Amino acid sequence: MRRYILSFICLFFLSTFAFSQDHGHDHNDGHGHEQQATTDPHEEGCGHIEEGEFNPGATAFHHISDQNIYNIGPFSLPLPCMLYAPENGWSFFSSGKFHTDDHGHGNGHVAVEGYVLVGGMVHNIRDNSFPDGEVEINNHGFHTTITLEDGKEKEVNAICYNDRLWAVDARSTADGGVFGGGITSFYDFSLTKNVVAMLIVFALMAWLFFSVAKAYKNRAGMAPKGVQTLMETLFVFIQDEVAKPFLGHKWEKFLPFLMSLFFFILGLNLFGQIPIFGGSNVTGNIAVTLVLAVITFFVVNLNGNKNYWEHIFWMPGVPAWVKTILTPVEILGVFIKPVTLTLRLFANITAGHMVIVIFVGLIFMFGKGQWGASLGTAVGSTVLTMFMMSIELLVAFIQAFVFTILTASYIGAATEEAHH
Amino acid sequence: MIFLADFTVIVPDFGLLFWTFLIFLLFWFTIGKFAFRPIAEALKQREHDIQDSLDQAKKARQDMANLKAENEELLAQAREERSKILKEAKEVRDRIVAEAKDKAKIEAQKIVADAKEQIEHQKMAAIIELKNQVGAMSLNIAEKVIRKELAGNAKQEAFVNELVGEIKLN
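Chains as they are written, first to last, in the working numbering: chain A, 1 to 420; chain B, 1 to 170.
Be aware that a few hints might be false.
[To be verified] Listed next, the stretches of chain A that the computed footprint assigns to chain B, with coverage defined by at least 3 CB atoms under 8 Å from CB atoms of chain B:
| # | segment |
| --- | --- |
| 1 | 207 to 215 |
| 2 | 281 to 288 |
[Said to hold, decoys possible] Each pair of labels, with its calculated beta carbon distance range:
| # | chain 1 | residue 1 | chain 2 | residue 2 | range |
| --- | --- | --- | --- | --- | --- |
| 3 | B | 65 | A | 402 | 31 to 37 Å |
| 4 | B | 68 | A | 390 | 58 to 64 Å |
| 5 | A | 314 | B | 37 | 27 to 33 Å |
| 6 | A | 343 | B | 56 | 50 to 56 Å |
| 7 | A | 211 | B | 68 | 47 to 53 Å |
| 8 | B | 41 | A | 398 | 26 to 32 Å |
| 9 | B | 56 | A | 397 | 37 to 43 Å |
If you're looking for bench data, these hints aren't it; they were derived computationally from the structure. The model shown is predicted, which means the values in this text are computed figures rather than measured ones. Every residue gets a Cβ at the ideal spot worked out from N, C-alpha and C, and that includes glycine.
Chain A extracted, bound-state conformation (with noise of 0.2 Å):
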């Protein structure tokens, strides 16, 4: 046993060094996307480039971020793009054509059909008049200025193409500019590296579960064996330590949805802890809880009985002058029970890959490339993120169960019968 410890103690030493000569690598390659340039986007000419310093917020953000490739160690998989732009129609292509650098951070040599890779995403090029089809570009010229614009700062991509600056969009995102996104010139429909992390732990979880299942019937009147026994224990504790004591007996009916919670978040952030397999922080992504709170949001209030309206627009037993500071509370109470299960979630996620990230990160900024001092750094952050690492194994478990327990609380509490 002890063996065994030292080695994987070792690989995981190992590894993590690997992953700061990788991005040391880059580094002096100017390959990284934290320069900065000073010219204006729409100068002619593209200006000297400074190289920038390190920055482990930016490195943290660019590894959990959404990417349309998969890197699996050094390697950049291609996936495929499905790209939307209300002007141009559909663009449906391999993000391989963007030819990125197997070491890189995932910014293409090559523009294809108005779009380029900028650190793994893809950005489209806002002017029209920019070449379609592929078009090689100076992967070296990727400029981020910050202006200002209505007194707020904005982060405005370009790329350097014959000489010329060409401002590249953000991408569309649903938050309606609170968060600094907003709807751009395009939308992208890709299969990217979270929906391929998803499709795999669907497909996972499928083989898992539907071969459990057939034990169930192969092996009715026997006892439980081998995974049917594994998956046994977890099914039944939140069979009956969320469905049963939160719904009574209504549990039956919706214990496929929370069963599918469950797994659906404890697969994903399982998958996500993987370090070799892209870590993918996909329960990490906003989106992605958003979406979970949401259909939870319909479970719960297309269930909801007349008690629970009740409650929330007249509660019973209350003088007429509590119920108008109560009613907009319960009202307010039913939007925000999303958004918190939204936010628990994606943050408790994000920061778990982030602290890791940054851990190694201390690395770069302890060692500036010299062999002793990252070395050094190496070991401790190995600790480090060793520690790091079995926390956040017990946090996936944890907020995969608070996800599920919250949401049959919620359910209960909506289809509980009256009892005054």
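Starting from the structure of chain A, add chain B where the hints point.
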């Protein structure tokens, strides 16, 4: 705003929203319906089976206990019956023996009484016989004495003695 602009995970991407929605619904309707539901059913069935088995075992144990109690009761009854029968038999035997004894006693008494009567009769008959004999003998003797008298005194006396000596009381 550089922080938020770079922090892409907090801005929900339309594509990811769409795919998550699709994949989760697919997950729910396939795995939920064709795996979670049957597993829950199987678990419920097994729970019922286990409960049934336990109930049955409990019932069997109860039945066994009942049977045992019944047997014991029967045994006790049989024992009681036996002792009762034995007691009765003893009584009957005692009675029969007593009756037999009584009867025997009466019979014996009767026999004895008969015997006594018989003896009495015999005795009386013997005495009568004796009396008759003695009378006849006396007459004989008297006849002979008278005859001797007629022949001499001394001689008569000796004769009488001779005669008396001849008389043998049987």
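So, going through the hints one by one against the coordinates:
no., hint, result
1, 207 to 215, "holds (count 4)"
2, 281 to 288, "holds (count 6)"
3, 65(B) to 402(A): 31 to 37 Å, "violated (50 Å)"
4, 68(B) to 390(A): 58 to 64 Å, "holds (59 Å)"
5, 314(A) to 37(B): 27 to 33 Å, "violated (37 Å)"
6, 343(A) to 56(B): 50 to 56 Å, "holds (52 Å)"
7, 211(A) to 68(B): 47 to 53 Å, "holds (49 Å)"
8, 41(B) to 398(A): 26 to 32 Å, "holds (29 Å)"
9, 56(B) to 397(A): 37 to 43 Å, "holds (39 Å)"
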